[in-house]
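Sequences are here, hints too, so could you generate the full structure?
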Amino acid sequence: MERIPILRLGDCLLVSIQVDMHDRLAMALQDDLTAKVVESRARGVLVDISAIDMVDSFIGRMLGTIAAMTRALGAETVVVGMQPAVAITLVELGLTLSTVQTSLDIDSGIELLQELIAADSVGADRDRAGD
Amino acid sequence: MIAPAIEELPLDSEHDVVSVRQTVRTAMSEMGFGLVDRTKMVTAASELARNIMDYADCGGVVRVEQLSEGLRVGLRLTFVDEGPGIADVDLALTDGYSSGDGLGLGLSGARRLVNEFDIVSSPGRGTTVTVTRWR
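Residue numbers (our numbering), protein chains in the order written: chain X, 1 to 131; chain P, 132 to 266.
One-sided and incomplete, this derived list gives chain P residues near chain X with beta-carbon spacing under 8 Å: (1) ARG152; (2) SER177; (3) GLU178; (4) SER239.
For the record, the hints were derived by calculation from the structure and aren't laboratory data.
Yeah, the Cβ is synthetic: ideal placement off N, Cα and C, and Gly gets one too.
Written out as C-alpha cells, the structure reads:
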C-alpha cells in the first residue's frame, strides 16, 4: 500500500504531505507516525502541508489527532506551510485547529518545535525536582 | 462562452472522493475561478462526497455541471444517494451535530463554502444535496 514517508531529523520527525490523500492513507499516516515516535523516541514532529491545496474536516481531524497522540507520547507536533486559501477555507468550514501548533514555514516551525521541546524538558526537570 | 458540460461520477470508494476533488479542481481552473473559490468548492465537494461514503451503504453519484447564465458562470454539484436519508435536516445542518463519528461540520461547513445550497432528504429514500458556486 502507498505510504507517506516519515524522515528523521535529529530528535525530530519530518513528514511532508505531497499527495491528495484518500482517507485510508491519512489513517495510515496517523498510525505510522505514532509508531515511529515511540520507536525513535522523537521529541518533536513537523508536518509540512505546503503542498496540499485542501484541508477538509477529515484531514483537519487527522492533524488534531496526530498532535494529541504525539503529545501523549511526550513529543510536540507543529504543522507548517498552510496555504492562505486553505486557512480561509478551514475557518469558514468551522475548523479552528485550536489544539494544533502551527507555523508559517519549515524554518520557523523547527524553531517553534525546539522551543516547545525545551519547555517540555524544563517542565520535566521541575517535576523531578519536586519529587 | 463555456459550452454546457455535464459529467457524472460514481461515489463508491474513498478513491472516488479524491477523483471528485480532482474533477472539481480542474473544472474550476478551466472556468477561470480564483484560488480561494476553488479551494472552498473542492473542500465542500470533499465533505459532501465523504458523507455519502460514511452514511449511504450503496454509495451514490455526483453530477458536475458547468453553468452559464448571462455574463456569469458557475459550477453546480449534485450529490445523490439512496441511503437511509435524514430524518431531521435542520438538526443535521447544525454545527457539531453528527449521527456518526465525524466532527459534525460536513453539511453545515459545506453550506458556508458555497453560494447556493439545497438539500432534499427523506428517511428511507435517500438524500440529494445541490451546491453551486458562481464566479
